[in-house]
Amino acid sequence: MKSDIEGYFDRLWPINRSLTGEGNRKTLEILSEIVDLNIKEVPSGTKCFDWEVPPEWNVKEAWIENSAGERIVDFADHNLHLVGYSEPYVGTLSFAELDEHLYTLPEQPTNIPYVTSYYKRRWGFCMAHNKYESLDRSDTYRVCVDTSFNGSGSMTMAEATIDGTSDREILFSSYICHPSLASNELSGPLVASFVYRELANRDNLYYTYRFAFHPETIGSICYLAQNGRRLQQKLDAGYVLTCLGDEGSFTYKQSRRENALCDRVTEMVLSQSDCAYSIIPFSPIGSDERQYCSPGFNLPVGSLMRTKYEEYPEYHTSADNKEYVSFSSMEDTVRKILQIVDVLEMNHHFVNQRPYGEPRLGKLGLYPSLGTPKRNQEEFAAMMWLLNLADGYNDMLAISTRSGIPLSELIPVANKLTEKGLLVHGDYGPRKTNLS
Amino acid sequence: MKSDIEGYFDRLWPINRSLTGEGNRKTLEILSEIVDLNIKEVPSGTKCFDWEVPPEWNVKEAWIENSAGERIVDFADHNLHLVGYSEPYVGTLSFAELDEHLYTLPEQPTNIPYVTSYYKRRWGFCMAHNKYESLDRSDTYRVCVDTSFNGSGSMTMAEATIDGTSDREILFSSYICHPSLASNELSGPLVASFVYRELANRDNLYYTYRFAFHPETIGSICYLAQNGRRLQQKLDAGYVLTCLGDEGSFTYKQSRRENALCDRVTEMVLSQSDCAYSIIPFSPIGSDERQYCSPGFNLPVGSLMRTKYEEYPEYHTSADNKEYVSFSSMEDTVRKILQIVDVLEMNHHFVNQRPYGEPRLGKLGLYPSLGTPKRNQEEFAAMMWLLNLADGYNDMLAISTRSGIPLSELIPVANKLTEKGLLVHGDYGPRKTNLS
Amino acid sequence: MKSDIEGYFDRLWPINRSLTGEGNRKTLEILSEIVDLNIKEVPSGTKCFDWEVPPEWNVKEAWIENSAGERIVDFADHNLHLVGYSEPYVGTLSFAELDEHLYTLPEQPTNIPYVTSYYKRRWGFCMAHNKYESLDRSDTYRVCVDTSFNGSGSMTMAEATIDGTSDREILFSSYICHPSLASNELSGPLVASFVYRELANRDNLYYTYRFAFHPETIGSICYLAQNGRRLQQKLDAGYVLTCLGDEGSFTYKQSRRENALCDRVTEMVLSQSDCAYSIIPFSPIGSDERQYCSPGFNLPVGSLMRTKYEEYPEYHTSADNKEYVSFSSMEDTVRKILQIVDVLEMNHHFVNQRPYGEPRLGKLGLYPSLGTPKRNQEEFAAMMWLLNLADGYNDMLAISTRSGIPLSELIPVANKLTEKGLLVHGDYGPRKTNLS
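Residue numbers (the numbering used here), protein chains in the order written: chain A, 39 to 474; chain B, 39 to 474; chain C, 39 to 474.
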């Protein structure tokens, strides 16, 4: 039986996505079934810092025929056959002339590469190298690239918000510009959408959660042009979700700040799970964290992945397809992100209400009335650490780190102490100073 | 021949100590022979933060007889036989009824466990498990627990002070509530008292030394209720002295601050001794450092021990007795604490009076007049390091750490440089900033 | 064919240098051929902090003859034969009387030791231990020490300055008080002079470079008395150049601050070279860094050496001579120092002019127009790191450290980005705060 994620994957897979165009609109329309999306059209030509939104690009058809009229490559068969943002062209060419417009992967002769030319006008086709090798060098070829650029078009972006009791924000950002590529990048929008679906049902969230769907680079730059100032003031943690489709272990790429809340939470959740994972340092080469962590913003945004872009051979080829990905793995990723949310939600700076000496726990039924050589060590330890470190400067992550007690053991005890009135919730988010 | 410590041990051993009662008064009266104690009675019912001083508890007699009139367990034989703070009871019971009031250690069948029930009214007896096994399950037993609770009584506490030239303070805190237990805890009050005796003879102490003797937990909480505000302003270093009776190597438990003066001094003294030792991090589970390091106070108080509570099988049993402890080891501990005091006393932030270039040492007879390829390397090195780092920000601990020269070599050279007027004493205690 | 350095070495070698005297003047006169020196005479008796400039010392002749009239030791043969600052003496002595004035190195029987007595009046001769052993113990000896102390003389010091566009300063300090000793210390003044010669030809230096030549200790103390206040305000990095004559690997001794600009630059230049080297921590025992790093100044001054003083057997003996040193090694040192200068000169805090999101590099021809799975990884990485970290807080050293990209690869890319207007130069020198 198909999982929900697989159902959506199958519907989204064949759509041609790019920086702009009908495919992106269609993609967001389908995701709207799960996510209460606020869709925005940003007109072509809109300035965003150093960039401007490109003309809207759409494809009617694109193919090459040999002189016998056989279609040797057809966009209708696979979106990757056409170089992204190819300009229109119709004509008949010798093989030598055609050859300048063909892209293959000699080292992966059965796979079609993913090639784009967003900002320089050209046309081209991508194909399996084996197929390319089989072409008759003496033949002539008819080429049809029936595409259009519309300077009065727009780039389609979408955002969804789940309001918490606070206006402090958590961001999940994914990108929707990759046609018929599975892990990179249908997995990001799918995982983000299913995380949204789970969170939308929750009551009493503290944080306001934002989910951003837009094309990579120009999309996130445009998003920052519209929202960057607010994010600088409100954002406590953010994540670029990408390459989350396979069964590889988790990879977390730190934010430029290295020790921001997004980093601390994720590293603790991963370290207290029993899954393998790796933490990699920030670098300005990668996905949309390049924009979120640009020096003018320097936002607390990391990137959660499984096998990282450029580190699997299927990357940016037709082999990054349904066989490459795993839907149960994507579901597992959704659960992992919900664990991160759970930690963010309880990551108060608790404040001990009886900070002078220890409270009389026995009076509250929290301490055995009989002093014997042995006692219930673990819960007692959690209680003592929480009371000792809950000075308003340590958040729960800091308490777990210093005490060595996993969050899963600290949280129920913190809740019990809160019920008893010994702890109250303090601020969320990073503190400016730490006196402890 | 008995050491002094042994003599006092023998007199204090049989006394029944608890949170309150005549035994505690008697204990402090004996220690008054060595320590100029200021004894305070805190009335039962006095509020101390979240706690209140319990009624005063005293024991006349307590025993169990079998139907043949044989005393099978008697408080007169060993204080540990009676559960601490047992309520009065007289009656005859079946074994099954009695059994609910008996405490043993099956895994240590010859030892009596130490059990208390300070804040819940019950009565009980502790005994060796072998003895317990030998009891006739079909017999009936006469029980006498002749104890009293006096709500108009008091808790007895004591403090002694050795005034220095400064009102900055060093605290030694020990607890007096353990009946007939040797390392934990006659050793703490004994060691503290003998440290007092040595220090009381000294002239020209810089620091004011306070010695606190009171019951654990409620006693230190009460002490903080009375003195906490002053300690927050005046205390530079403090030590909970506990479990110092055996021959195990030293254990130093850091303060909550981890790098407070008490921590730095003790770690350096231990590291520059030739004894084995271990440094353990702060945790809020333990002895009275739980109170001193509670988040509302967060005082610079660590704990000096030999083999730590809960880490030796005799802990909280009748086997923590005179055989378990060593009086020469306690004397050695006294000497080690005096070394800590010596370092505290000379841990100025020295200030070089000729800080611009190096002083002309030859003029003062501190430098060989002949420049040859060799010179007196060690004293010269100490002199140069002291002059270079004595900028008013480095204390002697910092100079020893950075130079790698032991304090024992630095101190005489520092004294010589002070005599020559090259160094003067700066502040004591931790600095707010370190510019060096 | 002789290198330039060798030519100067040969002319400087036989001159008798000391704290003061004609030999120092002659030395600076020769160096004036290369360096535009500003020579200062500081009168004997001038107070410098705790010191005063000694009387000027000059030597006419000094020798010992045996009763047969044979000169057994003669200053005319080797400057080291006479103890530095020997007082005048003429007389005839028994061997036993003479013996109190003789210095040898029994463990190096063919070498003459280097001995001085600057601040205590005495006279003495140094000689090879073999020669000393051969002296007739029953003979009498005629001694002539024809030296003079002139209280109206002066100490000779020199400075040269190469003005940059900024008044921020870099200091190279070497000492000129060692007679006929090669690595320690003709190498320092020679290397400093040849560095000067290279830098003097450069246009558009940012920093102002100062070169100081003076006797060790009293000279640098006097230099600080005159210039210390200005150096505290203006100096970004300084180097004591000493023991640079041999072929040993580089030794860099850190400044007292440990992480000053001089330390960071030098450690990076050495670590990104393919030469062996060692970094040693600051200590207040050594050469003139003792004065520059005295606590009243605490200047950012380290010391660059090859084999360190006291670590080679020839140190402070007649074996530290032309055979011991290598002129190609000194030339190599000059080049290494010029590399340090190159890094200092480009060690801006670059500021990205388009810090919000990444700039559109394709528009500037800095990004391939075709998005394919592969790209020119290294230059692209350098570009991205520079743009990301150029926030005005990271200098180039920090960017190289964090990115792991050697300066040699970063610099051309930084220059290209500057040409394109994406980066502009920010401040030089250490920053007070680092927000990144």
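Treat the hints with care, as some may be off.
Put simply, identical chains are the same to the list, so a pair is met inside one copy or across any two.
What the hints assert, rightly or not - Below are the DSS-like pairs computed for lysine-lysine, each with C-alpha atoms no more than 27 Å apart in a straight line:
| id | residue 1 | residue 2 |
| --- | --- | --- |
| 1 | K64 | K401 |
| 2 | K85 | K158 |
| 3 | K78 | K360 |
| 4 | K64 | K85 |
| 5 | K78 | K458 |
| 6 | K360 | K64 |
| 7 | K85 | K458 |
Keep in mind that the hints were calculated from the coordinates and are not lab data.
Just so we're clear, the structure is a prediction, and the values are computed from it rather than from any experiment.
Hints and how they fare:
1. K64 x K401: neither (62 Å within a copy, 30 Å between copies)
2. K85 x K158: within (18 Å within a copy, 74 Å between copies)
3. K78 x K360: Neither, since 30 Å and 80 Å both go past 27 Å.
4. K64 x K85: within (25 Å within a copy, 70 Å between copies)
5. K78 x K458: Answer is neither; intra-copy 48 Å and inter-copy 34 Å both fail.
6. K360 x K64: within (20 Å within a copy, 83 Å between copies)
7. K85 x K458: between (55 Å within a copy, 20 Å between copies)
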